[in-house]
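Asker: Sequence:
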Amino acid sequence: MKLTLPALLSLFVLLFPPAAGADELQVAVAANFTAPIKALAPEFEKATGHKLQLSFGSTGKFYAQIRNGAPFEVLLAADETTPARLVEEGAALAGSRFTYAIGKLALWSAQAGYVDEQGEVLKTGGFRHLAIANPKLAPYGAAAVATLRALGLLDAVRGKLVQAEDIAQTHQFVASGNAELGFVALSQVQKAGKLAAGSAWVVPAGLYQPIRQDAVILAPGRGKAAAQALMDYLKSDKARAVIASYGYGL
228 MKLTLPALLS LFVLLFPPAA GADELQVAVA ANFTAPIKAL APEFEKATGH
278 KLQLSFGSTG KFYAQIRNGA PFEVLLAADE TTPARLVEEG AALAGSRFTY
328 AIGKLALWSA QAGYVDEQGE VLKTGGFRHL AIANPKLAPY GAAAVATLRA
378 LGLLDAVRGK LVQAEDIAQT HQFVASGNAE LGFVALSQVQ KAGKLAAGSA
428 WVVPAGLYQP IRQDAVILAP GRGKAAAQAL MDYLKSDKAR AVIASYGYGL
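The working numbering puts the last residue of the sequence shown at 477; the count rises by one with no breaks.
Treat the hints as calculated values from the structure; they're not laboratory data. Even glycine gets a Cβ: it sits at the ideal position worked out from N, Cα and C. Do not rely on the hints blindly, as some may be mistaken.
Said to hold, decoys possible - With a straight-line Cα cutoff of 35 Å, these simulated DSBU-like cross-link-like pairs (lysine-lysine) come out:
1) LYS288 / LYS421
2) LYS465 / LYS421
3) LYS278 / LYS387
4) LYS465 / LYS278
5) LYS350 / LYS451
6) LYS421 / LYS387
7) LYS451 / LYS465
8) LYS363 / LYS387
9) LYS350 / LYS363
10) LYS418 / LYS278
11) LYS350 / LYS278
12) LYS421 / LYS462
13) LYS465 / LYS350
14) LYS273 / LYS451
15) LYS265 / LYS363
16) LYS288 / LYS273
17) LYS465 / LYS418
18) LYS387 / LYS465
19) LYS387 / LYS273
20) LYS265 / LYS418
21) LYS288 / LYS278
22) LYS288 / LYS350
23) LYS387 / LYS265
24) LYS387 / LYS418
To be verified - Pairwise CB distance ranges (calculated):
25) GLU316 / PRO437: 16 to 26 Å
26) THR351 / GLY276: 22 to 32 Å
27) ALA468 / PRO437: 13 to 23 Å
28) ALA377 / SER282: 24 to 34 Å
29) SER403 / LYS273: 14 to 24 Å
30) LYS418 / GLU344: 15 to 25 Å
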């Protein structure tokens, strides 16, 4: 007997039913957390059956999109103020917010030996372009400006600043050589405790406000099992070990 296409599809569903309670989750992810979440996603999906649809960008841009009705269900922000603000405005669930990582800032060059371990290269002025993320949209960009101000170098390098939309584009500017160096997230250039390429100065935490990165369930994720499952997974020892391997504090 020859089966029709609808019959074949019905048979497939019977033989290979979807995982019970499995769902798809729309997650807005701060650009600095791209590599860690890509490493975590397959393990999360394997453990829970839920699927993650990941979007990457600046926290400031995500805030505007969320307030304009974007259907994100979870936000992994690059700061703590944006999730708190969304909770206050009723766009996120009170009680769901927690700090999943503490970001670290690094001055990085794709060239080996270009950036010294004390960041003295900033004072020499022997570079044409210094990349930073937009400080109005990206917390790492704001941290970069705070660092330059604390060092008394902001005015001296202002004419050399190349502003990127977010920290991912900042990294791209430096990696491509369009900027000799730039302030990036340590997580973008470190894995398993080692610098992946080039040279870097890990900026002392006292030069900028702590980058506490908070996660929060947004209004569209209310009551969704996958949203709570992701929150729980990010708090697990296994996930925290992966996050720490990219240079984040916990």
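Asker: Output the indices of the hints that this structure fails to meet, ascending.
Answerer: Of the numbered hints, 3, 5, 11, 13, 18, 19, 26 and 29 do not hold.
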